[in-house]
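The chain contents come next:
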Amino acid sequence: MPLVRIDLAKTSTPELRKAISETVYNAMTEIANVPEHDKFQIVTLHDQDQLVYPAAGYLGVSYTPNIIFIQVTWVAGRALDTKKAFYRKIADDLHAKTGVRKEDVFIVLSDNAREDWSFGNGEMQYAPK
Amino acid sequence: MPLVRIDLAKTSTPELRKAISETVYNAMTEIANVPEHDKFQIVTLHDQDQLVYPAAGYLGVSYTPNIIFIQVTWVAGRALDTKKAFYRKIADDLHAKTGVRKEDVFIVLSDNAREDWSFGNGEMQYAPK
Amino acid sequence: MPLVRIDLAKTSTPELRKAISETVYNAMTEIANVPEHDKFQIVTLHDQDQLVYPAAGYLGVSYTPNIIFIQVTWVAGRALDTKKAFYRKIADDLHAKTGVRKEDVFIVLSDNAREDWSFGNGEMQYAPK
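Residue numbers (the working numbering), protein chains in the order written: chain A, 1118 to 1246; chain B, 1118 to 1246; chain C, 1118 to 1246.
Hints listed in this document are in silico derivations from the structure and should not be mistaken for laboratory results.
Hints should not be assumed to be uniformly reliable.
It does not matter which identical chain is used: a pair holds within one copy or between any two.
[Claimed, not checked] List time: in silico DSSO-like cross-link candidates among lysine-lysine, alpha-carbon distance up to 27 Å: (1) Lys1246 with Lys1219; (2) Lys1206 with Lys1246; (3) Lys1201 with Lys1246; (4) Lys1135 with Lys1246; (5) Lys1214 with Lys1127; (6) Lys1127 with Lys1246; (7) Lys1214 with Lys1246; (8) Lys1206 with Lys1135.
Quick caveat: nothing in here was measured; it's all calculated off a predicted structure.
Please build the complete structure, drawing on both the sequences and the hints.
Structure representation (structure tokens):
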């Protein structure tokens, strides 16, 4: 049920994009109680001047043109500690698998409701009984 | 007032994209109480590896590279049955008009508030009196 | 902490895109209590038929292919008057700096929570103490 938008540089490799996709999905299923096969993501590639971040950094974090924006829409209800572990796992695993700078992994979450999803077929699959 | 993001394959035809745009708008005005002419949509085209869905399907629904992601941001307040009818109409009408597989029509909704919209001119058109 | 998606025509100039980026950031820091250097934006360019607006206009506002969609995700809590001033400043400043039609500046806001942000490094920087 999460829909994930991943925005990053055109210069990224297909291997990196695949690793991001897998890492985010794994973090969801292992930590955030997302069901198996619930993997829906939209990747968009950008020229360098289309990914804007503060040159001076923010909150002690510094960024490069390899910044990766990960925007998640999912059903409300995850606990604060779950969200913390989710951020941690994505940054750590991505770094371990691909060498990506952890500072370049930017994540933002938005909540909606169970009734706000149609997984195809014109149905509201999560409708209350 | 809805803003609709439509993400689909680069290989889609302009005719299909136009049909999606019209179908979503019609479902909004006919079912979801959206005013006439309130039609704001952003279409983004993607290479095949940029639209990610589960190869094994999800909840009994199977997907193809022709998957269509429709992400709606609109003002809170639609009833559950309205949302159900909205999903149904979009999938049914799109299939009838274009032959698109209903399973490939993925829809997600996000709510905001009336004050969260400026339809141009620097104004908050939906401001409370 | 805001993440801003800016969608506009491929035919826009890099100078205009830079002006939009700066104008939105300045309006945030000057009016909406956004901290300095909190500047994260994703720009996506579109062919003309990918930016959809009502040909007849809406609520007395008319649009052209130069329409600029500005979608902001930020932490809940801004007052109604702050949002009003925010819309006003962006449209006025953009028009003054670049000649853009104010009617073509479309802005939509979405709220989330402080815990919904990781500004890199796998951390929840806004976590409660």
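Hint by hint, here is what the structure shows:
Taking the closest pair of Cα atoms, Lys1246 and Lys1219 come within 27 Å of each other only across two copies (23 Å); inside a single copy the shortest separation is 42 Å, beyond that limit. Taking the shortest Cα distances, Lys1206 and Lys1246 sit within 27 Å of each other only across copies (21 Å), while inside one copy they are farther apart (34 Å). Only between protomers do Lys1201 and Lys1246 lie at most 27 Å apart by alpha-carbon distance; the minimum there is 13 Å, versus 32 Å within a single protomer. Taking the shortest Cα distances, Lys1135 and Lys1246 never come within 27 Å of each other, neither inside one copy (37 Å) nor across copies (35 Å).
Taking the shortest Cα distances, Lys1214 and Lys1127 sit within 27 Å of each other inside one copy (20 Å), while across copies they are farther apart (30 Å). In the homo-oligomer, the alpha carbons of Lys1127 and Lys1246 never lie at most 27 Å apart, since the shortest distance is 45 Å inside one protomer and 38 Å across protomers. In this homomeric assembly, Lys1214 and Lys1246 never come within 27 Å of each other (Cα to Cα): the closest approach is 42 Å inside a single copy and 31 Å across copies. Taking the shortest Cα distances, Lys1206 and Lys1135 sit within 27 Å of each other inside one copy (16 Å), while across copies they are farther apart (34 Å).
Of the numbered hints stated above, those contradicted by the structure are hints 4, 6, 7, listed in ascending order.
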